[in-house]
Amino acid sequence: MSDATLVRPQAEFLRGVSMRDAGTLIGLVVILAVFGALVPGFFAERNLINILQQSSINACLALGMTLVIISGGIDLSVGPTAALSAVISASMMVAGVPFPLAIAAGFAIGLACGLVNGVLVAHVGLQPFIVTLGTLSTYRALALIYTGGNPVLGLPPGFRAVFNGSLFGLPLAVVIVACVAVVAWVVLKKTPFGEYLLAVGGNEEAAYIAGVPIARTKIAAYMISGLLAALAAQILIGRLGAAEPILGNLWELDAIAAAAIGGASLMGGKGSVVGTILGAVILGAMRNGLTLMNVQSFYQLLATGLIILAAMLIDRVTRGRG
Amino acid sequence: MSPRLQFQGISKLFPAVRALDGVSFSVGAGEIHGLLGENGAGKSTLLRILSGVYRPTAGSVLIDGKPVTLVNPVAARAAGVAMIHQELQQVPRLSVAQNMFLGHPLTRGAIFVARREQERRAAEALAAIDPSIDPAAPLGTLKVAQRQIVEIARALLDRARIVAMDEPTSSLTPSEFERLAQVITGLARDGVAVVYVSHKLDEVFGICRRATIMRDGVVVDSVDLNDLSEKAVVAMMVGRELAQEQHNSHATNKVMLSARGLSSATKVRNVSFDLHRGEVLGIAGLVGSGRTELLRLLAGADRATAGTIAIDGKAARFFSPRDAIAAGVGLVPEERKREGIVPLRSITSNMALASMAVFAPRGLIDHARLKQVAAEKMSRVNLRPFLLDRPIRLFSGGNQQKAIIGRWLAAGTRILLFDEPTRGIDVGAKAEIYHLIEELAAEGHAVVVVSSELPEVIRLADRVLVMRDGTIAAELDRANLSEQAIAAHAIPQTQTPAAQPARQ
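Going down the list, the protein sequences come from chains A and B.
So the first sequence is numbered by full-length UniProt numbering: it starts at 1 and just counts up by one.
So the second sequence is numbered by full-length UniProt numbering: it starts at 1 and just counts up by one.
Because the hints were derived from the structure by calculation, they are not lab data.
The beta-carbon is built from N, C-alpha and C at its ideal position, and this holds for glycine as well.
Be aware that one or more of the hints could be misleading.
[Stated by the list, open to error] Computed list of lysine-lysine pairs in DSSO-like fashion (alpha-carbon distance at most 27 Å, straight line):
no.	chain 1	residue 1	chain 2	residue 2
1	B	K143	B	K314
2	B	K371	B	K200
3	B	K337	B	K371
4	B	K200	B	K143
5	A	K190	B	K371
6	A	K189	B	K371
7	B	K254	B	K314
8	B	K254	A	K189
9	B	K254	B	K231
10	A	K190	B	K337
[Claimed, not checked] Every beta carbon over 10 Å from chain B, so not counted as near; a handful from chain A, in silico:
no.	residue
11	I26
12	A44
13	A105
14	G125
15	L126
16	Y146
17	I209
18	T304
So that you can see chain B by itself, here it is in the shape it has in the complex (with noise of 0.2 Å):
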């Protein structure tokens, strides 16, 4: 029998570059089949081929054994593929059966359309799935995972025979991951062709057993991952081993920051650390447990209902980001795309927009030293490729992360922020970024790294705070330190440790 999917040379030319370059491998009904490689390996180029939104320049796409052309998304559909994206494209204040039947509504006499039975239609297609979700709610209301699997029981109601998901879980908790894979599972289980797009290997192991690898647009390999361990997997999509990752602590006793009785009008209840020179601090606890509104209160973004912030023993207050920078402090948002960057401006003018008065002393920006303090700050981080002109939004979200780290350098910032510190990132970039965060308290930074991914928080944090329900539940020395005591801290007590995804 042929396989559900299949990929016969594809290759793509792009004016520049070539994107694809003869890939070929197979998908089989049923099957759940990880895509991995780098940010720019091709994986999205290729799933946008089969999704119908780039035409391949050569080769083919066949679905039981058939070619079929996928001219645009709507026919890729028509021929049961259905995409979901990372970044979900849904209306927001559309029902959730609205969502569902988007761009081909069920209509009475053509004209009108049929509201009740896309409800009764979509609520069928959920109740396969997660029954708890009203498909006449507002999708603006449902939280990300379960907007995961609206998406989900939509390719259902398309009786879809491929489901192709990029990244559907970089925003997910562990719990939610887990909901997900069920769910993933039971479509397989239904014969449906699944090609799974993650950065995390931890989940790709665990929901897949074969995987394709792709680096700079070719196939490295197609191989079953029972066979391989992670690193090995690792060395195929970046191309080289990876450094052995040892964590070095240059912790000191001296408190730069230190919080007390802190709370918000959002999520954060009186919370009370100290922040020591050189130290880096994770900070872990689920998506929601108010570890970002914490980062935005020290970084002045939002304003504390009570509590005071000191830095170097001096009570600071915040009422803007403009005051906690000037007292030194700086954050390296978790949305790059929505509070990181400036897309159109050069990789230059969004490292300096924090630190203008510096570069301009006497009203006019000194453009000589600005390109000389760009230099050496976006070699420090080591920018690629080198084109400090170029608008930011043409580089990789490693590279961006890289150019808003250099922001924070630039202005002189002591205290660094990090929140999600590698969403999005690749892997080889990843450990970069780890280095970097190193070098920094090495030299007398102090920095705080919320990380929902507790490999990151294990390999950086000299000391983990785990924060529930907007308090601080549990703090770890390195020596309590594990993903089990983390996970313990973190879950709110109605739920059993059981029933949280068992790691490692």
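With the rest of the complex left out, here is chain A (with noise of 0.2 Å):
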């Protein structure tokens, strides 16, 4: 495509968004600063890679969350789905799958939890929240089951090496997550399927008079989302060498925070890869620097509570008569 011809349109394309997405780095920016200025090191390389590197499961999760929350619906399973997949890939490599496809099969997994999901609310019609709430206990409940409550110890080096391992300086986590995230903003901007999300969370009636294909745009959604979250789990069994069948409790708030931040809105329609990713830093940063300056966890807590109602009443005064 030739963007020379396109900058003036492009730009105006974008305004509204970037708009909101500027908003977001601003945000990201002042609680750098702040900490920056409070917490000597904080600036430090090494801790910068931190913070991107403690960001980079939640902004993965967020990022299918996101997509799903622009389609109208909410995935409240990630946590449960990333501890499906990961105890049973994790238990395949105990038992010498070899590593790559033991991988796949928690992709699989991931895959198909998000299926489940998506045809309970695209063909059953049932509410998303209810959906994914009843199998957040269903996809834990399994994990429990299959690992009798005991975590997946053992994991090959060779692949543990894989996501402990670095690439241009930065952790792989780190990598693996900025491409998704190239190729989330791809979808959600250049692809029919990213203006079909966005069409049936903003109006399903008329995405389906308009001959949308409605189910499918949402099974999509879920799917992406459930692979996304099996991504995660790679991730952290990665890091730690074992898997638990705990692991994810409560990444679904987390994911949902960063994509708000980031300027989804959970009436669906309206959500920003770009926002979503600056939200799971900020989300990153202000732990990281509440940690380092020694905080308890009782006020990081609050501190997240009020990072996301100060943005979304920063996005309610901004934009006023939405």
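Assembly of the complex is requested from the two constituent chains, each provided in isolation within its own frame, with the hints serving as guidance.
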């Protein structure tokens, strides 16, 4: 595509969205500046990389969550999906299955979990909140039953080396999530599927009349969310060297928070990949800074809550008549 | 004696626009006063000021000669102003009585809702206008017309001295309108001042004696409607004379769509007809006669329970609108907000929604091509303002409608189904839509127009099917086309034609 001819309309096309993203970016800059002033060594390269690494899992989940939220739904089951995917691929590895195959199986589990969510929402017509609340318990129970509640230990070093490696001086996990983010951005901005997501979430009835494949679009969103939960699980068990059936507890809340801070509307039809990534980094940076300041975790929770509320208030005030 | 309601030099400034500029006029007690103007003329802003939603930037509202400060809707209500909205603001699951007392329920001891007492008082208020409505029934079970009447009864309960009605009849049948007109006239007889906003000039001429015409936020004139023709009023609203409207036919003999024995689970029963290339086929009938349901079958939005559809002589089965679109059929739905537009998305995105595959032949959307096609189609339909990247919700109804038409042009649709193509669209844009429909027919599209506005059907259609109770009651060609003929076939046998409004 010749970018030169597109500069003007493209700039206009992106204007509405990037205004909101600019706001999220300002929020991130303010938070970084505050911690930079308060915490010595906050801006050290090592620490900045730490922040990215600590944000990467949440960012990965939040990207899938963003797509689901844009479609007008929500996925509360990402944590248990990750846990189920983690324990199954971990136990396959421990049993001697080559790890690429075990990872593929983990991804398949993620996709299957998403497929169940999607079919229940799109074909059966149940409400996304209730469906994924139900599968949240179900998938978690399956992970616990499968492992008898015990962690799967002793993952092969080859597998661990993959996720603990680095590329261009960045942890591989960060690079992987960055790639996922780029793909998600392209999907949302440049593919019919992206337009369909925005249309289905923005006005399902109108999208239907216009011939948008409603069910397929929704199911795909949940499957992507499940797949990214599985990817997050692989990153985590690669780092820890073990898979616990209780991993990923409350992940869904952080993912929703990142998406909402980034400008996704729980009413559907609105959301931004760039914003979600910034939202995840905001949460990560804040936790990192507070930890370095030795602030009790109670206050970290408080800060998370206040950030979400502040972001929503600013949203409300600036967009006003919405 | 001072007038019941008087606007004195009302101005309203919004950050970017001057919505109202020195608006002054008055409405006497017992007067039904029409408020006319195109969309964006400032009628809604003025009503919002009257109902306490907006504060005027300058000027004042006088009731019975005394200036009133309407700081919020509650204050406006206390001052005796009742507002009846176009889109009824009611809670369908609550009962009629609960809705009538919404926001200020009758209580016992300030804690418990006195439900019986509410129902008794609601029944009293309803008895005066429509005793057939049960105050205990859930509001959602009532027809739109009855819900309007509930709103009016609520105004009576509040002992309103001023009732403002914003497009109260946009979804009423002629006989329902007649009923509503009686109720409104009754209100006026009791000394209430009624401000009546409507796009339907024949209605305004029917029930109002005086009217104020607004354009671009200023009052053009307050006129006596007895002295003026509809045409003159339109010219004042639009600021120019609209071209004389004439029907042109481009119909051919080539059948593009043929329906045989179509039935649906809801309304449609055994409907058969042919639609030809270049033809504009009108479908008239009362609201609820199955017109919308028939269009939804043709557009693939609902499934037929019996019957067949053939496109260009080939049998077609539609399981979803996708199938119909692939066969070249597109629906321009009646409820634009609910079924037409994706409000947050741009004009371009809304236009492209039905033809994504065309714009993304290799998986990625070719935005350069999309821009080009959008510019071409939107200039074809004369979008105003010509801002293709602006969210569609910021456009007027007429321009939203143009974008939806553009959607089908971009998708290469050959058979266009319009359901109430000009509902909620102002006079100027209406004429444009008519021309557009005619041009589309001239280019060889086949067009179906469902409309409750008989002048619209007569203006556009080469041939009219009149529906009644889900079946086609009559087929009228242009030679036999008149409002009387349509009405005679549209009305169920149990009702005598005399009970219908005498039109023209």
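Each hint tested on the structure:
With a C-alpha separation of about 40 Å, the suggested pairing of K143 of chain B with K314 of chain B is violated against the 27 Å cut-off. For the hint pairing K371 of chain B with K200 of chain B, the CA-to-CA distance comes to about 37 Å; that exceeds 27 Å, so the pair is violated. Our distance criterion of 27 Å between C-alpha atoms is met by K337 of chain B and K371 of chain B, whose separation comes to about 24 Å. The hinted pair formed by K200 of chain B and K143 of chain B meets the criterion: a straight-line CA distance of about 21 Å does not exceed 27 Å.
A threshold of 27 Å between alpha carbons decides the hint, and for K190 of chain A with K371 of chain B the separation of about 13 Å falls inside it, so the pair holds. Using a Cα cut-off of 27 Å, the hinted pair K189 of chain A and K371 of chain B holds, with the two alpha carbons roughly 14 Å apart. Simply put, K254 of chain B and K314 of chain B have alpha-carbon atoms about 13 Å apart, close enough for the 27 Å limit, and the pair holds. The straight-line distance between the Cα atoms of K254 of chain B and K189 of chain A is roughly 42 Å, outside the 27 Å bound, and the hint therefore fails.
This hinted pair does not check out: K254 of chain B and K231 of chain B have alpha carbons roughly 38 Å apart, beyond 27 Å. For the hint linking K190 of chain A to K337 of chain B, the alpha-carbon distance of about 26 Å falls within 27 Å, and the restraint holds. Annotated as non-interface, I26 of chain A keeps its C-beta farther than 10 Å from every C-beta of chain B; the closest such distance is 22 Å. No beta-carbon of chain B comes within 10 Å of the beta-carbon of A44 of chain A; the shortest separation is about 40 Å.
Against the 10 Å criterion, A105 of chain A stays outside the reach of chain B, whose nearest CB is about 28 Å from its own CB. For G125 of chain A, the shortest C-beta to C-beta distance to chain B comes to about 15 Å, beyond the 10 Å cut-off, and the non-interface label holds. Distance check on L126 of chain A: its Cβ is at least 20 Å (rounded) from any Cβ of chain B, clearing the 10 Å threshold; non-interface status holds. Separation of Y146 of chain A from chain B is adequate, the least Cβ-Cβ distance of about 37 Å exceeding the 10 Å criterion.
With a least beta-carbon separation of about 5 Å from chain B, I209 of chain A fails to lie farther than 10 Å from that chain, contradicting its non-interface assignment. With a minimum CB-CB distance of about 28 Å to chain B, T304 of chain A clears the 10 Å threshold, and the non-interface call stands.
Taken one by one, the earlier hints fail for this structure at numbers 1, 2, 8, 9, 17, listed in ascending order.
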